[in-house]
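Chains as they are written, first to last, in this note's numbering: chain G, 1 to 335; chain Z, 1 to 331.
Check each hint, because a few of them may be wrong.
[What the hints assert, rightly or not] Sample of chain Z residues with no beta-carbon within 10 Å of chain G, all distances over it, derived:
#	residue
1	D16
2	D23
3	L25
4	H45
5	E76
6	D150
7	Y162
8	L191
[To be verified] A short, non-exhaustive set of chain G residues, derived as facing chain Z with CB atoms under 10 Å:
#	residue
9	D22
10	P36
11	G37
12	L160
13	L163
14	G167
15	L289
Hint data in this document are derived by calculation from the structure and do not stem from the laboratory. Every residue gets a Cβ at the ideal spot worked out from N, C-alpha and C, and that includes glycine.
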Amino acid sequence: MSDLTLAVSEAGVNDIVSTLLDPSVARVQAAPRYDPGAFTVEADIDAHFEHGPTLIDFRDTPDQVKLDELDIVWDTFDLDFELDIPELCIGGFCLTPGWFGDCIRAPEKCFFSSDPDVELTLALDWIRSEVSVLADLLVGYSTNRTTDYLQAQVDEHEALEALEAAGESGPIDPPLVNTWDVSLHPDTFDIDIFDTADMIADIVQDLLDRIIDMLVGVLPDWAIDVLESLAGSLVRFLRNALDIGDDLAEWLSDIIGVSLDVPGIILEILDDYLIDYPVFRIEDPYPVLDWSPPLGSPTTGGDPRLIPVKVPIEELDIDLQETEVVLTASIGAYQ
Amino acid sequence: MPYTDNIDVYGALHEDGINNVIDHLRHKRPSLFNYGTARVVAGTHRFRRGSDTPLTHRPRRVQSLTPCEEIAYAPEVRDRRWNNPLMTEEDPLPVIGTDGLVGLDFAVQVTDMGIDFAPPSGDEAFKENQYAADVTVCAGLGCPTDEAFDDALNAIEQFRGYVNDREDLSLAEGLEDENLLQEFGLPVVPLADSLHCFCLEISVIGRVTMVDRPTVEGPLTIPQSPKFHIDDIRITDPEAIEEFPLPQGLVSSLECYIEVFLRLSVFPSVAESVERTVQQVLSMQNPVLTLAGVTATIELPTSSSVPHNPAIEEDELRMYVDIDVAAPGGS
Numbered sequence: 001m002s003d004l005t006l007a008v009s010e011a012g013v014n015d016i017v018s019t020l021l022d023p024s025v026a027r028v029q030a031a032p033r034y035d036p037g038a039f040t041v042e043a044d045i046d047a048h049f050e051h052g053p054t055l056i057d058f059r060d061t062p063d064q065v066k067l068d069e070l071d072i073v074w075d076t077f078d079l080d081f082e083l084d085i086p087e088l089c090i091g092g093f094c095l096t097p098g099w100f101g102d103c104i105r106a107p108e109k110c111f112f113s114s115d116p117d118v119e120l121t122l123a124l125d126w127i128r129s130e131v132s133v134l135a136d137l138l139v140g141y142s143t144n145r146t147t148d149y150l151q152a153q154v155d156e157h158e159a160l161e162a163l164e165a166a167g168e169s170g171p172i173d174p175p176l177v178n179t180w181d182v183s184l185h186p187d188t189f190d191i192d193i194f195d196t197a198d199m200i201a202d203i204v205q206d207l208l209d210r211i212i213d214m215l216v217g218v219l220p221d222w223a224i225d226v227l228e229s230l231a232g233s234l235v236r237f238l239r240n241a242l243d244i245g246d247d248l249a250e251w252l253s254d255i256i257g258v259s260l261d262v263p264g265i266i267l268e269i270l271d272d273y274l275i276d277y278p279v280f281r282i283e284d285p286y287p288v289l290d291w292s293p294p295l296g297s298p299t300t301g302g303d304p305r306l307i308p309v310k311v312p313i314e315e316l317d318i319d320l321q322e323t324e325v326v327l328t329a330s331i332g333a334y335q
Numbered sequence: 001m002p003y004t005d006n007i008d009v010y011g012a013l014h015e016d017g018i019n020n021v022i023d024h025l026r027h028k029r030p031s032l033f034n035y036g037t038a039r040v041v042a043g044t045h046r047f048r049r050g051s052d053t054p055l056t057h058r059p060r061r062v063q064s065l066t067p068c069e070e071i072a073y074a075p076e077v078r079d080r081r082w083n084n085p086l087m088t089e090e091d092p093l094p095v096i097g098t099d100g101l102v103g104l105d106f107a108v109q110v111t112d113m114g115i116d117f118a119p120p121s122g123d124e125a126f127k128e129n130q131y132a133a134d135v136t137v138c139a140g141l142g143c144p145t146d147e148a149f150d151d152a153l154n155a156i157e158q159f160r161g162y163v164n165d166r167e168d169l170s171l172a173e174g175l176e177d178e179n180l181l182q183e184f185g186l187p188v189v190p191l192a193d194s195l196h197c198f199c200l201e202i203s204v205i206g207r208v209t210m211v212d213r214p215t216v217e218g219p220l221t222i223p224q225s226p227k228f229h230i231d232d233i234r235i236t237d238p239e240a241i242e243e244f245p246l247p248q249g250l251v252s253s254l255e256c257y258i259e260v261f262l263r264l265s266v267f268p269s270v271a272e273s274v275e276r277t278v279q280q281v282l283s284m285q286n287p288v289l290t291l292a293g294v295t296a297t298i299e300l301p302t303s304s305s306v307p308h309n310p311a312i313e314e315d316e317l318r319m320y321v322d323i324d325v326a327a328p329g330g331s
């Protein structure tokens, strides 16, 4: 028989998680940038989470928690492309030597002198992404201090006195406590940046059309001819410059998924709130009474400072069932 | 059957866990359980730790009295860095009719305390959803030696004679004049050889309810905590009562004094420690919720299937909680 039993229903956990993922609490906000050279892409992203009524699903065998189909709604998802094409000058060659050793040169025309030469913003705020996570619920023990009770008390006392001597006040950072932690450890992640994969080809084609249109507007036909002569074709040139492979969708997906690491940003946000971070933590030994008066506060007269009363948490177990999670703990007897 | 049918959170504390907490309190804050006058506090050194007999090989410290029972304590309590007291020092017990000029040494010690969430079912004294607590209280009075008694009497007579001779000084004014009292060695606590001690087994019966209480520091706003109420206190030491039959009025008076002592002194401190601990556990020391600044309020609903909430069942104190969580923005 355990000394403490704490059970939380799946519905209760869903209520709490829904609150944690409320737009006023959790948002995905970042401005990642990918700058390999001539081609630069920067994203301005701001998103919130949406989900159905049962986001968290408890699994009994094995004990796992599923974060099921969490939607990421992009309120802002602007991809800013910048292309700096190397300057290309035509003409300026020596027609005939001059009288004084110089040259009479052909007229010179330079292109792509601006930096960047092409700027495009692609607004993707109409797309939705989706995350699903399957995680194990595990119990761990973190040791941030000695497990010797008396020595720990001495350490705490001395650390506070050192702070006082330095003219600072507590608490001690990092805290000199050991903790039982219940954490979610992700087993599988499934992040689908584009909920509908087919849309991506249209996006990329649109992007290329706009780049080509801009270039066509800037360059005279003969220059296009020259470019084509230099690069084979403008599209091939752009493909080379942008390092676009045969699959346009894959290219844009790589830009967002790998170069800008948007999934990593999403995971980091989830890490902060749900994943790989204790969802329940209890100090061991658990403080029942603090120092009296508390460390950092002066004692009155010659009165001693009463030591804290802490009780050891000897065991802590988690049992996940279909409808609830049950935590049990044992309080150690005084020895 | 799941613990959380129709509710969000279920919490249960087994009596063994609470008794372990009380045992830790007894050893690490002995001054919560032991009270005595200055001489008795000075006499606590006479017990060697782990022994229930006073030391005899050390010279007896002048004007100190050995407490009734050995005080169990953790070694860190007497560590020189903190040098915590084993007893709470109290003023001497005033002798009636001496205008507070004479007091007696005494000690009152709670030597054992344990909660029982499954009181005897056949006992009519217990109602549904009540708990019992067994407490052992030892107390003793320092009865003065004849010599000390005479000294005290002389001091009082001399003081009263002096005040009578002074036409400009009333007795009330004299009693207020500390310097004057000091000149006559008053107030006086006549020396006793030892405390006359007795121990009684006390049974406490009570209920647990939820009461409003300031929120503990934590990620969840928990404005309530369980509270241990005392409904009745009885002396349950049949051997002592049979061996020394006492008038019912004396027994009742004794019970009354012990009840007041437990209600106002020991019990609130111990109960509040347990109550606060439960409230802290319910507030969930959860770094995730701390990060999010989420607040939550709780309700303990009752229903036909849960007539009592909190409920005392099967050696446990059980709570069935509905939790209402809100984001900082209030959504």
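_Does the closest beta carbon of chain Z sit nearer than 10 Å to the beta carbon of G:G37?_
violated (39 Å)
*Are all beta-carbon distances from Z:D150 to chain G longer than 10 Å?*
Per Cβ check, Z:D150 is outside 10 Å of chain G; nearest 35 Å; holds.
*Taking 10 Å as the limit, does the beta-carbon of G:L163 come near enough to a beta-carbon in chain Z?*
At 17 Å from the nearest chain Z Cβ, G:L163 fails the 10 Å test, so the hint is violated.
*Are all C-beta atoms of chain G more than 10 Å from that of Z:L25?*
Contrary to the label, Z:L25 does not stay out of reach of chain G, its closest Cβ about 6 Å off (not over 10 Å).
*chain Z contact restraint for G:G167 - C-beta distance below 10 Å*: violated (22 Å)
*Can we keep the G:L160 interface hint, with Cβ of chain Z closer than 10 Å?*
With a minimum Cβ separation of about 12 Å from chain Z (threshold 10 Å), the hint on G:L160 is violated.
*Can G:L289 be said to touch chain Z, with a Cβ gap under 10 Å?*
holds (6 Å)
*Checking the smallest CB distance to chain G, is Z:L191 really beyond 10 Å?*
Since the minimum Cβ distance to chain G is about 25 Å, Z:L191 lies beyond 10 Å and the statement holds.
_Outside-interface status for Z:Y162 - nearest CB in chain G farther than 10 Å_ = holds (33 Å)
_chain Z contact restraint for G:P36 - C-beta distance below 10 Å_ = Status violated, d = 35 Å.
*Take a quick look at Z:D23 and tell me if its Cβ sits farther than 10 Å from every Cβ on chain G, holds or violated.*
violated (5 Å)
_Is the interface hint satisfied for G:D22? The criterion is a beta-carbon contact with chain Z at less than 10 Å._
Check passed: Cβ of G:D22 comes within 4 Å of chain Z, closer than 10 Å.
In terms of the numbered hints stated before, the structure departs from hints 1, 2, 3, 5, 10, 11, 12, 13, 14, listed from lowest to highest.
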